[in-house]
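Mapped onto full-length UniProt numbering, the consecutive letters of the sequence shown carry residue numbers 1 to 240.
Don't read these hints as lab results, they were simulated from the structure. Backbone N, C-alpha and C define an ideal beta-carbon position, used for all residues, glycine too.
Keeping only pairs whose Cα atoms sit at most 16 Å apart, straight-line, the calculated EDC-like set for lysine to aspartate or glutamate is: (1) Lys84 / Asp110; (2) Lys182 / Asp152; (3) Lys84 / Glu107; (4) Lys114 / Asp88; (5) Lys182 / Asp150; (6) Lys114 / Glu87.
Simulated restraints, written as ranges between beta carbons of each label pair: (7) Pro151 / Ala233: 37 to 43 Å; (8) Glu223 / Glu87: 28 to 34 Å; (9) Leu167 / Leu226: 21 to 27 Å; (10) Val234 / Asp110: 41 to 47 Å.
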Amino acid sequence: MDGRGLGDRASSSCSSGLRGCSCSRVRPWNMYTLPNSPELREDIPAGEASGGGSSRGRQNSPSPYRNPFVWGTTITHKMVLPWKSAEDWCRKGRAYGERGQYDRAIECYDRALKLNANAANAWYHKGRVLNTACRYLEAAECFDQGIRIDPDCARLWAARGQVLYHLQHYQEAAGYCGQAVKLAPGCADAWLIRGHAFRNLGRTTDALACYDRVVTIEPGRTEAWLARGTVLAVDRRYDA
1 MDGRGLGDRA
11 SSSCSSGLRG
21 CSCSRVRPWN
31 MYTLPNSPEL
41 REDIPAGEAS
51 GGGSSRGRQN
61 SPSPYRNPFV
71 WGTTITHKMV
81 LPWKSAEDWC
91 RKGRAYGERG
101 QYDRAIECYD
111 RALKLNANAA
121 NAWYHKGRVL
131 NTACRYLEAA
141 ECFDQGIRID
151 PDCARLWAAR
161 GQVLYHLQHY
171 QEAAGYCGQA
181 VKLAPGCADA
191 WLIRGHAFRN
201 LGRTTDALAC
211 YDRVVTIEPG
221 RTEAWLARGT
231 VLAVDRRYDA
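Put together the whole structure using the sequences plus the hints.
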């Protein structure tokens, strides 16, 4: 077969192969719409995505997506996307934390703090995860960092007090929670922890006062009612 015959066959093959091609229907993209492109979204945990969204973005296991920059290649959720902000990483960390995936949550908060070391919110949530994981000393360091950045944040003081309570430093726990309720008198959690600390110090009158504040703020707070009853029983005040 001569060269012309080979060329004719190749041309015919290409023509038949392109009949079903959908290239003409491909929607063009630009750099401004790229961050919202589903092909480039990271695999995120359930509950993070707002609205309906695509179900494949909420799978538990990483799902590779097509990378439009390199034909035939893929990217996974492990790739660091440049448009993620500290707030985005915090949101992702909270989603992981709610699922009990504490190591992943901490990694997300570390990413957020790498972008913004003064993000008190990231320090707070990282500390909360560490506290839940019973890593109290590390949690305390996070709350201390947050307090240095935002000393008027009541929840940071209350969380620091809770860590101290777990470490059985009851006097200090009561002090930190005392600062929390000065900043936010309606913080029931701070009153509750402060009451527990006083109870362990044998200061039953102060403990009762704290529990009374809790049930005033949140009448349905069962833990406070039980703690109050325990203190009254210890004091043999059965009719109170």
